[in-house]
Amino acid sequence: MWSNLRTIWIAFTHLFRKKVTIEYPEKKQHLPPRYRGRIILSRDPDGGERCVGCYLCAAACPVDCISLQATEDETGRRYPEFFRINFSRCIYCGYCEEACPTYAIQLIPDTEMAEFNRQNLVYEKEDLTIEGQGKYHGYNYYKVAGMAIGGKDKGESENEDPPIDIRSLLP
Amino acid sequence: MNEGVIWIILAAILLPLSTAPALIWLERRLLGLFQDRRGPNRVGPLGLFQPLADMIKMFTKEDWIPPFADKVVFVIAPAIVVITILMSFMVVPFAPGFIVADLNIGLLFFLGMSSLGAYSIVLGGWASNSKYSLLGALRGSAQMITYEVFMGLSLMGVVMMTGSFSLQDIVLAQQGMWNFIPQFIGFVIFFIAGAAETHRLPFDIPESESELVAGYHTEYSGMKFGMFFVGEYLGVTLISCMITILFFGGWLGPDFLPPSIWFTLKTFIFICIFILLRAALPRPRYDQLMTYGWKILLPLVLLNILVTGAIILI
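These protein sequences, in sequence, are chains A and B. In terms of this note's numbering, the first sequence is residues 1 to 171. In terms of this note's numbering, the second sequence is residues 1 to 314.
Some hints could be false.
[To be verified] Simulated restraints on C-beta separations:
1. A:E81 with B:E211: 56 to 64 Å
2. A:W9 with B:K295: 21 to 29 Å
3. B:L313 with A:F12: 35 to 43 Å
4. A:K27 with B:M160: 54 to 62 Å
5. B:D36 with A:E115: 27 to 35 Å
6. B:W294 with A:L5: 20 to 28 Å
Derived from the structure by calculation, the hints contain no laboratory data. Since this is a predicted model, take the numbers as computed values, not measurements. Glycine is no exception: its CB is placed at the ideal position from the N, C-alpha and C atoms.
Put together the whole structure using the sequences plus the hints.
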């Protein structure tokens, strides 16, 4: 009986406590920087696309929501011809970000993507690509990869020695 | 019948009916506050239009009668609860002279009507012809019959002290001292029995949505469900009115406020306490409720009558 009265009193005091509700559209919840939300495609410091169309994200995706087609430009630089993410399927697991070798695909703290039409949840490359570098600054895949593309030959990357002619007899 | 009486009748019907949607809002807001939430505050100012939105929803829902139900009884059952409670408001004195019928057996009329309200649960559960409804109705009838007994008995102390069953006389007899001081046990027991009678939490055992889906109104939808819903809130209002009248001096109060305001204010406080009970207490088990009723409350209430009688005789 006493504990019942005490319960009633405690419930009454809750009338004057601070409310835990965050009134959403007016006040937004703080999302930490590593929050897994909307997926974006970032660019390298020079403004080029980071994605090299390796399909690792599509292979890692457990719900098969990523589809892309890789292609090459005249300099030999690979990029996706189209890159499509179906956000009505995406479960925001972040495996694509983990799989990406070039920091191109990233999950950002944004969840406000509600749509009235489900078709609008299919994002194309133009919708996904942002102008900045996202979470990883200063990384340019083609600058550090030992691969020859237009304007850069083998051995000219950062932290790379010039190639050695292994067939030469000279020591 | 003169014009004034018609206005009083209209008020006695419309006032309780219009408190029902207000109570839906009040209950949801208060429950929210008690649970550290804010409650509905989006529809209109302070969420005041929430009941309106609920009502539109309820009216546009499919009014479905299950093919296995007993159709006539199924339709009548939700009306019974609303009708009986509205009938009870007939004898409620809102202010001096503001009463539809000052019956000399007003209190008995109220008790009788609230007993008839049990039919709503029994018939509704039986006519639904489904097991959860039947279980709910079974519990509901047992609970209401049990609590009916000492709901009546707890008021006998008040009646003995007043010497009248008329609610107006009972209020006027409290001018010296409100009844809840000499009749404190009666007040507590009437409060508990009232909560059980209107099957409000923590005594919502016939409904108990965590065990029986929705108890006796599992099969109801649309406005028929709405009637049970309104009936519940009407019941809360009625019991709060009765507590005010019987134990807290009805419309009596210091002169700076008119009597009707005093009455409304007291009733409002008891409604809030009912909501607070809902926020605070868990539902007892069915057998615990029956044990509690027959083994603790009934002897207590009989003792209360005995002592009151003895004191009056001396």
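Each hint, compared with the structure:
In this structure the supplied range 56 to 64 Å holds for E81 of chain A paired with E211 of chain B, their Cβ-Cβ distance being about 59 Å. Our hint of 21 to 29 Å for W9 of chain A and K295 of chain B holds, since their Cβ atoms are close to 27 Å apart. Distance hint check: the CB atoms of L313 of chain B and F12 of chain A are about 40 Å apart, consistent with the given range 35 to 43 Å. Checked against the given bound of 54 to 62 Å, the beta carbons of K27 of chain A and M160 of chain B, roughly 58 Å apart, stay inside it.
Take D36 of chain B and E115 of chain A: their Cβ atoms lie about 32 Å apart, and the range 27 to 35 Å holds. For W294 of chain B and L5 of chain A, the hinted distance range of 20 to 28 Å is satisfied, since their beta carbons lie about 23 Å from each other.
No hint from the list above goes unmet by this structure.
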